[in-house]
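Q: Okay, here's what each chain looks like letter by letter:
Protein chains: 2
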Amino acid sequence: MKKLINSPDSVIADALKGIEASDDNVRIDHDNRVIYRREAKDSGKVALISGGGSGHEPMHGGFVGLGMLDAACAGEMFTSPTPDQMLAATTEVDNGAGVLHIVKNYTGDVMNFEMAAEMAVDAGVKVETVLVADDVAVEDSTWTAGRRGVGTTVLLEKIVGAAAEEGLDLAAVKELAERVTANGRSMGMALTSCTVPAAGKPTFDLPEDQMEIGIGIHGEPGRHREPIADAKSIAKQLVDPILHDHDFTGAPVIAMLNGMGGTPLIELYLMYGEVVALLEEAGVKVERNLVGNYITSLDMAGCSLTLLRADDDMIRHWDAPVRTAGLRWGL
Amino acid sequence: MKKLINSPDSVIADALKGIEASDDNVRIDHDNRVIYRREAKDSGKVALISGGGSGHEPMHGGFVGLGMLDAACAGEMFTSPTPDQMLAATTEVDNGAGVLHIVKNYTGDVMNFEMAAEMAVDAGVKVETVLVADDVAVEDSTWTAGRRGVGTTVLLEKIVGAAAEEGLDLAAVKELAERVTANGRSMGMALTSCTVPAAGKPTFDLPEDQMEIGIGIHGEPGRHREPIADAKSIAKQLVDPILHDHDFTGAPVIAMLNGMGGTPLIELYLMYGEVVALLEEAGVKVERNLVGNYITSLDMAGCSLTLLRADDDMIRHWDAPVRTAGLRWGL
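Protein chains in written order, with my numbering: chain A, 9 to 339; chain B, 9 to 339.
Only chain A is shown next, with the shape it has when bound in the complex (with noise of 0.2 Å):
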């Protein structure tokens, strides 16, 4: 196993000691690992929160900031934070106009992000959830029943960021956040599997010629493996299921070219290339994109396509300032 550590027990708790230095604008609670918005809370603002397992980094630290999420909870690697993490996360953003917790649909972050929202609400803090299960691959996998949560959740984070900066309510933000996981889909694709560092070894076998379609973003099985084929088809294997799933056409769509923590930028250009070509194809007009490393699988070569059938709102949300580590624009 080939990595920049110290230990693999050490991993998240140095990983956070940097990101506490790399970034002014946020405070990091290191007993519960808890990555606050270092301002002062604005009176009135519903907050957002999320977190999951660590290793998909930038989200959901790096998403931390002015106009996204007020906390993230950094849970082990590949594993849901605890209920109690997400209490005290809850409990310290809180304002009074209530919490928005978002959740990827992973059992484990599910159950854990249920029992936070329970306790916090028995204290008196209003909190509504937002479940992300846009990953058309499969149904049911690894750790997840119905679908995987996955890409969609950053278009989230950036989108409702905007609207409670702007001052919705709760219920505003909350079915906004509805529409948005409603209109979501992605499709992930892996070259190699990651290597989790307290595994030492690689999470699954890929042998040099294969690929997995499908791919979960925690090396959960895809849809089948095929020998490594060119851009075009992989392009292809990536966008026809989500155009099968919903309709994209008619409406400006933000398209995500994700990658999975391994592949280099030239390639996800590339690939986005062959994606914004099929998508012209079928009629699918992008108007906003993002290119790049934002929810990635540690050292997973790969990446994942996400498309959002949007709105006027949502674009509006979409180009509205921003100021975390992993995103960041008019600011």
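Treat the hints loosely; a few may be bogus.
Chain copies aren't distinguished; within one or between two, either way the pair holds.
As the list claims (entries may be wrong) - Below 20 Å or equal to it, Euclidean Cα-Cα: the simulated EDC-like pairs (lysine to aspartate or glutamate) are:
| hint | residue 1 | residue 2 |
| --- | --- | --- |
| 1 | K10 | E122 |
| 2 | K10 | D213 |
| 3 | K10 | D92 |
| 4 | K10 | E216 |
| 5 | K293 | E186 |
| 6 | K293 | E28 |
These are computed hints drawn from the structure, not numbers from a lab.
Following the hints, complete the assembly by docking chain B onto the known chain A.
A: Chain B in isolation, oriented as in the chain A frame:
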């Protein structure tokens, strides 16, 4: 070889299509492989051009845009662009105020930019050149006489780009660029080799338990190989040679912890935390930083550290708005 490409021959042409599709702020001359800012020439502004072998994305094409470069020439993989490409870019962006060539110190780049500058001068364009030679690892290398040019290039393009935007004349822009190169130092390391698509196999062999300290961005040999150590020791092997080479105390420092392309962000944050701890011990105060993939070596796993001893002017230009695919804030 596991890569998201159509064919080794078409990687650069295909990636340029993807860059064009993803960034409304650039236009691409596909024949000459030059990436240009889309906006009309701002009369009176000194133009900045860089370029080099492909495979280091987002450098340089991802740094074209408001507040950074006016054009970037993309060479073949790890191979200098031709004088013709550079001449086309130089004459295209000039509006009478002159052009600064930003050249990394590799023999091919130096020779070709020199030839292009001579031809441009013959055609009536004022051209100045700044040479970046900041890699403290080795004197002379596979493709370089003297020190290799690496990470300081990124910081220089940002700082000098802002100065040009502000309206400094060619002499002042060049003077600032020289001040940046004189005060920037870098040092890198690799856990794995990169694989050039046309070669189809790793550029060099690095056993599973070894790392290379002082690696070049094309896989040129570094100082030595040794067994993989913990992040703290690796950080020390990057920080010490840099601090030994130049005084970074008593001034604001801009630090970049750069990924080589195949290293996930969580490891880069972790390394940044270790680097900052060492710098604090040494009395070096980091005022601004970048953590991420900015000057890469295809899919190489590893990282590099760049420190710039800045002054108030450089910090002000650093903070100025920038809108490129690779760096963006304030816009």
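Q: When Cα atoms must be at most 20 Å apart, do K10 and D213 count as within-copy, between-copy, both, or neither?
A: both (17 Å within a copy, 14 Å between copies)
Q: At most 20 Å between alpha carbons: which applies to K10 and E216, within, between, both or neither?
A: both (18 Å within a copy, 7 Å between copies)
Q: Indicate which option fits the pair K293, E28 if close means a Cα-Cα distance not exceeding 20 Å: within, between, both or neither.
A: between (39 Å within a copy, 15 Å between copies)
Q: Within a copy, between copies, both or neither: which one fits K10 and D92 at a CA-CA cutoff of 20 Å?
A: Neither: 33 Å inside a chain and 42 Å across chains, both beyond 20 Å.
Q: Which holds for K293 with E186 at a C-alpha limit of 20 Å: within a copy, between copies, both or neither?
A: neither (22 Å within a copy, 45 Å between copies)
Q: Could you figure out if K10 and E122 sit no more than 20 Å apart (CA to CA) within one copy, between two copies, both or neither?
A: Neither: 37 Å inside a copy, 41 Å across copies.
In the structure shown, a violation is registered for the earlier hints numbered 1, 3, 5, in ascending order.
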